[in-house]
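**Student:** Turn these sequences into a full structure, and let the hints guide you.
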Amino acid sequence: DQQVKQNSPSLSVQEGRISILNCDYTNSMFDYFLWYKKYPAEGPTFLISISSIKDKNEDGRFTVFLNKSAKHLSLHIVPSQPGDSAVYFCAATPRNYGGSQGNLIFGKGTKLSVKP
Amino acid sequence: DVKVTQSSRYLVKRTGEKVFLECVQDMDHENMFWYRQDPGLGLRLIYFSYDVKMKEKGDIPEGYSVSREKKERFSLILESASTNQTSMYLCASSLIAGAYNEQFFGPGTRLTVL
Chain A
1 DQQVKQNSPS LSVQEGRISI LNCDYTNSMF DYFLWYKKYP AEGPTFLISI
51 SSIKDKNEDG RFTVFLNKSA KHLSLHIVPS QPGDSAVYFC AATPRNYGGS
101 QGNLIFGKGT KLSVKP
Chain B
117 DVKVTQSSRY LVKRTGEKVF LECVQDMDHE NMFWYRQDPG LGLRLIYFSY
167 DVKMKEKGDI PEGYSVSREK KERFSLILES ASTNQTSMYL CASSLIAGAY
217 NEQFFGPGTR LTVL
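These protein sequence lines are chains A and B, in that order.
For the first sequence, the numbering used here gives the first residue as 1, with consecutive numbering after it.
For the second sequence, the numbering used here gives the first residue as 117, with consecutive numbering after it.
For the record, the hints were derived by calculation from the structure and aren't laboratory data.
DSS-like cross-link-like pairs, simulated, lysine-lysine; straight-line CA separation at most 25 angstroms:
no. : chain 1 : residue 1 : chain 2 : residue 2
1   : B       : 173       : B       : 186
2   : A       : 56        : A       : 71
3   : B       : 119       : A       : 37
4   : B       : 173       : A       : 5
5   : B       : 169       : B       : 119
6   : B       : 134       : B       : 186
Predicted, not measured: the structure shown is a model, and the values here were computed from it.
**Tutor:** Shown next as structure tokens:
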């Protein structure tokens, strides 16, 4: 039972345009969400996060939007650059996860390709 | 900057061998995690630890064990490696349990079991 879903395994975007990566979740106990970026042969690196008390968080070219009623979040990258080509993982954490707060539940990832 | 290091970037082992994957973090983080990453499956949690000598099973602990004798070090052990354990193994650490803290990942170990 997948609690965090990234339904698009891949996305291709032209340089300079907007990239929109989507993530859906099923567990209403999730209240903190993170995006990680992963290059091949490297570990994931933290990109941006959002708490459930907000609906938007912005950091430079990256903005995350949260729609709690739809249990949906999205990552917008504007403008997209070739160096943004990577796999992006959405992750969520619940208030209480078997007493183990801080555990992250990851989606399967979306591979973004930004073409020059 | 937080640094999480893993003992090997690439490892090739034979079926039945005992395999040790070591992870060290230098930021005094309480929490440490072991994941494996497989194409189309994302990151799956194997084991985690919130304190020295403490360990808890994640989503896919079968065939693995862990050891945390010191705060900075978290080892993943494959008691008898099998070909279906061929994967990318990622170690991560984060600050305090009970708070929302990002996890910092190591570079990963690509393990091939022949």
